[in-house]
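Based on these hints, arrange chain V on the given structure of chain B.
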Amino acid sequence: MEVLKEKVEEEEAAEREEAAERAERGEKTLRPVEVRREEAPLTQEALRDLEKKLSEILVPGKISISTKDTIDILKLPVSYQTNTPKEEHLLQVADNFSRQYSDLCPDRVPLFLHPVNECGLPKFVSTTLRPTLMPYPELYNWESCAQFVSDFLSMVPLPDPLKPIVQQQEKAPAKKYAIKPPRDLSSKFEQEQEMKQQEQIKAEEERRLREEEERLLEAEKAKIDPLHGLRVHCWVLVLSGKREVPETFFIDPFTARSYSPQDDHFLGIESLWNHKNYWVNMQDCWNCCKDLVFDLGDPVRWEYLLLGTDKPHLSTTEEEDTGMNDDEDLDNLCKDDKDKSFDMPSSWVEQIDISPEAFETRCPNGKKVIQYKRAKLEKWAPYLNSNGLVCRLTTYEDAECTKTLEIKEWYQNREDMLERKQINKVTGLNIDYFKPGHPQALRVHSYKTMQPGMDRVMEFYETARVDGLIKREETPKTMTEYYQGRSDFLSYRHINFGPRVKKLVLNSAESNPRPVVKITERFSRNPAKPADEDVAERVFLILDERIQLRYHCREDHITASKREFLRRTEVDSKGNKTIMTADMCVSFEVEPMEHTKKLLYQYEAMMQLKNEEKLSRHQAWESELEVLEILKLREEEEEAHTLTISIYDTKRNEKSKEYREAMERVMHEEHLRQVEAQLDYLAPFLAQLPPGEKLTRWQAVRLKDECLSDFKQRLIDKANLIQARFEKETQELQKKQQWYQENQVTLTTEDEDFYLSYCSQAMFRIRILEQRLNRHKELAPLKYLALEEKLYKDPRLVELLKVFA
Amino acid sequence: MASLGPYPPTHWAASGKMNRLCNSMEPRVMDDDMLKLAVGEQGPREEAGQLAKQEGILFKDVLSLQLDFQNILRIDNLWQFENLRKLQLDNNLIERIEGLENLTHLVWLDLSFNNIEAIEGLDALVNLEDLSLFNNRITKIDSLDSLVKLQVLSLGNNQIGNMMNIIYLRRFKDLRTLSLSGNPIAEAEDYKMFICAYLPDLVYLDFRRIDDHMKELAEMKHQYSIDELKHRENLIQARLEDEQARREELEEHKAAFVEHLNGSFLFDSMYAEDVEGSKLTCLPGVSELLEAYKDKFVIICLNIFEYGLKQQEKRKVELDTFNECIHEAIQENQEQGKHKIAKFEEKHLLSLSAIRDESELTKLEKKIVEYSGDITELFNVLMTLEMQLVEQLEETINMFERNIVDLVGLFIENVQSLMAQCRDLENHHHEKLLEISINTLEKIAKGEFDEDLPDDVRSLFVDKDTIVNAVGASHDIHLLKIDNREDELVTRINSWCTHLVDKIHKDEITRNHKRVKEINQYIDHMQNELDNLECSDLID
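Residue numbers (UniProt numbering), protein chains in the order written: chain B, 1 to 805; chain V, 1 to 540.
Errors might be hidden in some of the hints.
Keeping only pairs whose Cα atoms sit at most 25 Å apart, straight-line, the calculated SDA-like set for lysine to any residue is [claimed, not checked]:
{"hint": "1", "chain 1": "V", "residue 1": "K514", "chain 2": "B", "residue 2": "R525"}
{"hint": "2", "chain 1": "V", "residue 1": "K343", "chain 2": "B", "residue 2": "Q602"}
{"hint": "3", "chain 1": "B", "residue 1": "K518", "chain 2": "V", "residue 2": "D357"}
{"hint": "4", "chain 1": "B", "residue 1": "K598", "chain 2": "V", "residue 2": "G43"}
{"hint": "5", "chain 1": "B", "residue 1": "K435", "chain 2": "B", "residue 2": "T402"}
{"hint": "6", "chain 1": "B", "residue 1": "K477", "chain 2": "V", "residue 2": "D357"}
{"hint": "7", "chain 1": "B", "residue 1": "K598", "chain 2": "V", "residue 2": "Q527"}
{"hint": "8", "chain 1": "B", "residue 1": "K610", "chain 2": "B", "residue 2": "L633"}
{"hint": "9", "chain 1": "B", "residue 1": "K597", "chain 2": "V", "residue 2": "L407"}
{"hint": "10", "chain 1": "V", "residue 1": "K347", "chain 2": "B", "residue 2": "I542"}
{"hint": "11", "chain 1": "V", "residue 1": "K86", "chain 2": "B", "residue 2": "Q602"}
{"hint": "12", "chain 1": "B", "residue 1": "K562", "chain 2": "V", "residue 2": "K86"}
{"hint": "13", "chain 1": "B", "residue 1": "K614", "chain 2": "V", "residue 2": "D61"}
{"hint": "14", "chain 1": "V", "residue 1": "K343", "chain 2": "B", "residue 2": "R525"}
{"hint": "15", "chain 1": "B", "residue 1": "K529", "chain 2": "V", "residue 2": "D61"}
{"hint": "16", "chain 1": "V", "residue 1": "K514", "chain 2": "B", "residue 2": "E591"}
{"hint": "17", "chain 1": "V", "residue 1": "K338", "chain 2": "B", "residue 2": "E591"}
{"hint": "18", "chain 1": "V", "residue 1": "K310", "chain 2": "V", "residue 2": "L407"}
{"hint": "19", "chain 1": "B", "residue 1": "K598", "chain 2": "V", "residue 2": "P44"}
{"hint": "20", "chain 1": "V", "residue 1": "K338", "chain 2": "B", "residue 2": "V457"}
{"hint": "21", "chain 1": "B", "residue 1": "K562", "chain 2": "V", "residue 2": "Q334"}
{"hint": "22", "chain 1": "B", "residue 1": "K598", "chain 2": "V", "residue 2": "R356"}
{"hint": "23", "chain 1": "V", "residue 1": "K60", "chain 2": "B", "residue 2": "I542"}
{"hint": "24", "chain 1": "V", "residue 1": "K53", "chain 2": "B", "residue 2": "T596"}
{"hint": "25", "chain 1": "B", "residue 1": "K597", "chain 2": "V", "residue 2": "Q334"}
{"hint": "26", "chain 1": "B", "residue 1": "K614", "chain 2": "V", "residue 2": "A48"}
{"hint": "27", "chain 1": "B", "residue 1": "K598", "chain 2": "V", "residue 2": "G472"}
{"hint": "28", "chain 1": "V", "residue 1": "K347", "chain 2": "B", "residue 2": "T478"}
{"hint": "29", "chain 1": "B", "residue 1": "K562", "chain 2": "V", "residue 2": "R356"}
{"hint": "30", "chain 1": "B", "residue 1": "K614", "chain 2": "B", "residue 2": "Q602"}
{"hint": "31", "chain 1": "B", "residue 1": "K529", "chain 2": "V", "residue 2": "L530"}
{"hint": "32", "chain 1": "V", "residue 1": "K149", "chain 2": "B", "residue 2": "P527"}
No lab work stands behind these hints: they were computed from the structure. Computed from a prediction, not measured in an experiment: that's the story for all the values here.
Next comes chain B alone, as it looks inside the complex:
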């Protein structure tokens, strides 16, 4: 025991030294991503850290591959870099506990009590947890919270799953537990956030490489796992009791999946902790976790580290809010007796802050790849991919993941409402799923090729379509349409096409529809008509010139009426066209009726059917056109893959941003204008008067006169100014003209051109000045009068000037 302790101390000392060294050098600490995530990575990290140091000590110069991330430890808060006395005390207590434990249970693995943090300081595991409330409703639900955390975590397998464990911890490591309520899962997020900057694609690639390696490794030893039961893992335990949790269950932080304690994958529990206390399992795990009793208040089953918080059910304390810590801290000041209760120091980690962007991005860099056995799952943050792809699941036939079986892709925010794509690589069948809102009301589109006239099924949101089409199936020779909710009760139309006729004349490509051979239409029962007059099915045999009708069956009958029309026009012996003969209509009537025997009736029925046949053929043609149109549209949409942006998404919505900015600009300008409008023309004159005194009439009159005369003067000045400019221009022009006339003979063409252009410009200026002057002369009296009127109406003067008005 002594030896062990010494060794641990040595290691710790070495760690501290190194950390200090690094700090001195100002070198950035190399550290893997997972350092401050869930407990599991913590463990692994700790182990890897130790291993790294060992390797550094034993084999100088060799740098572990796993530590590529850099953290500037100097920028971390003090609490990361030092231990408070209380924390030191706690570490001592933990060491003491650990010593006693290994004394009592020499066969069991040393406890996982105080791994070192990113600054190389040993920190007690419970103090790494800091319950925090977050502003995202998703995090208040364990499923979505766990999903979020798992998205955020990247699985980095140890280079050798056994080696560090065997070397450092001696013997196989025990399984570790952490007990947390759902919301605590997010509490490590902020730390993740801090490191997000450093976490580069490098790590990502490397991780992938290693994943690949491990996958190969695993594939090799797929049958028997020699490490069975030896691996270390941390996961989350949610105890039953509070918050309507009916049963205790586990959450695997990497997959966000929940497991029952009955699950065979969980072989046993060594210890568990939360932010208040640490418990060691004293129960036998021969039957995995199935028989464990999770009553943490039972000291026989669960050996606690600190006496103070041994409440019967851990979750009880857990779920109270974080304020608890403060109270306990106060208590701690008074009691520091080890035998009495000793409270857990408050957490040394920083408060978490997740920005909405980071929350939406979820995974580091917005991308995450999870490799499964014969499957790969890729996730992206929304808007990261320009085509809206957010998730892709690829399944493979073989363990090496070379032969793709199927690809499923999920999309978000697509303008064409594409939601999911399914590509079966074996059959070549593509299935696209759409959300409601596609311009053609498309719901599902399954196809092998985008070429028209091939096997294809399109399903529609029938309520969004005027014609109530639900589904259209196509093969090279047929087209079947299913309808619902139509006013004509049509429910089914089947069209058989013949071989395409080669046209002699070369026409444009699309105007060669396949010839229709047969159209079968079925109708649902129209309750307004008697069954004998309500057609259930009609078949247009276009080549045979035959029309078959089958009517609906009467309620109490088993046979239905039928009618067949031969619409072949025949010519009688005299060469006249026969209009209608009895043998052109063969009918079977359940209850023979008189009026249907009439040729007139049959003739009218046939005329109507002929019309309807035309309509149906037209409909078939239109359906074909529509398919072409949809295919074209789909291709365009795939090409453009525009994404929609919610009007509430102020960051991404360029349009609204522009609008908002424009609005702000307008507001600003408006404000400026208002300020200008408030300029007081009386202000300079009022300022001359003694402040705070009421104006006398005399003063008011003087004020008015001054203001007016001042204005008059300004008007005159302005006129003079224009006049002066005018005169100046005129003089200059005259001078120039004089000069020109004097030197006309000697001038070069260039000079002459220059002179001419000057003249025209000067003339223009003079003309403008003249105009301005005239205008000013015209307007000045008006302006003067306007000011005078305004002054008479000015609220400050109006009373005093009344008499004179």
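What follows is chain V alone, placed relative to chain B:
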């Protein structure tokens, strides 16, 4: 603001001239020739017309008929046009609306520009939606009660003078268009307002749309009187509903055969014809006795009544269960039959085309024989199904018959025992009454009786025989009443039961006949088709 209504009076302007023209011609009779001519002229054209000519058109197939400007004096000979939807008789000399009794499908009737003086003879036209009586001599709007679907009513250029005629139109819930211009009432200052107020659902008046502002004004102006009218209408409606409810309740009781037993009706009827009995009530102690008797009697009646209703419910449940069972069995059987036929038809189409395409005679014959075998087999299958069903139903019906007869028997038995209690009460009462009467007689004989008795009562107490006879007569009447009620109940329920059972048997037989006929018809058709094919093939 106002827009033109749906039926502007287009022929109004021409009317004067036409009338003059018509007047100068002889009145005509609506005879067969005229109708045939009209039908022929207005029938189908071109190819269809040729066919129609070839076949002739039956009057009952005509949907629309136009007989304007014909100088018709009397509507006649229209009884055959039973499917007519639209009839135009405008610009004639018709004086009376008649001869339209058979035209129950009529939707559109134009009788404008005639000499009609009263609205009549429209009672059969329950489907009429559009009626024009423009330019006639009508003075009063009435006799339209049965035209519940009326939407358009044109009564312009008539002699309607009383505004109260409008109120009559309130009963037509679908009436949207009305024209009354050219009537004396249209001269009234308040004409429009009045109509708008009293017919708030009206949309067009005299070919102009009524604007909402006008409606509001009218409503405000006549609010008081309309409210009163509405109140009256509501009262009448409520009374009608009450009566209806009472009638329905009575029907229900009658169906349970215990009507008028939920009170003292039977008891009262016992005394209604019983002169002596009523006379004797003035004897001392009799009225108390009678009171007690009545109470007990009514209680028993009520018992019978309650029991009757319960039993009726039981019988109903029994019948419903039975019907449901039968219905299900028939449905299932039908489905099977349909399925067999559908399967056959699938094959049938293939077989027919195969036979058509077959050129070799021996093979053809073989195929025909095969196919004919298929038809026979289908026939056998369908008939077997039907026989099965008949057997099943027979059994069920018999069971039901037993059950319902048992139920009825039990009911009768119990009612009879209750009636026996009534009789016991009556006997008891009779004894008591007799005792009192004889006592009274003795007292009178002894001169001890000192109360006043009416003379006709006193006359009964002359001797013992008289009084005993009188009391006996009263008793007999009472017993007779009870017996009658009991007999009535028993007879009626028994006849109901027999009728029910008979009907079920009969229905089953009809159903069976129909099905067998249907199967035969179908098989015949199939066979015929095959035969025709054979013939045509042989000819080929």
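Mind checking the alpha carbons of B/K610 and B/L633 for me, to see if they're no more than 25 Å apart? The given pair, whose Cα atoms are some 34 Å apart, is violated under the 25 Å limit.
Between V/K343 and B/Q602, does the CA-CA distance stay at or below 25 Å? violated (28 Å)
Within a Cα-Cα threshold of 25 Å, do B/K614 and V/D61 meet the stated pairing? violated (28 Å)
Proposed proximity, V/G43 with B/K598 (alpha carbon, max 25 Å): holds (15 Å)
Regarding the pair B/K435 and B/T402, is the alpha-carbon distance no greater than 25 Å? With a Cα-Cα distance of about 32 Å, the restraint between B/K435 and B/T402 is violated, given a limit of 25 Å.
Has the given pair, V/K86 with B/Q602, been kept, meaning a C-alpha gap of at most 25 Å? Cα-Cα ~23 Å, so holds.
Verify the proposed pairing of V/K310 with V/L407, using a straight-line Cα cut of 25 Å. This hinted pair holds, its Cα atoms lying about 11 Å apart.
Below or equal to 25 Å on CA atoms is what counts here, so check V/K338 against B/V457. violated (31 Å)
Holds or violated: B/K598 with V/P44, Cα cutoff 25 Å? Distance of about 14 Å is within 25 Å: holds.
V/K347 paired with B/I542 [C-alpha distance capped at 25 Å]: holds (22 Å)
Has the given pair, V/K343 with B/R525, been kept, meaning a C-alpha gap of at most 25 Å? holds (21 Å)
Given the hinted pair B/K597 and V/L407, is their Cα-Cα distance within 25 Å? violated (52 Å)
Comparing the model with each earlier hint shows violations of hints 2, 5, 8, 9, 12, 13, 20, 22, 23, 25, 27, 31; every other hint is respected.
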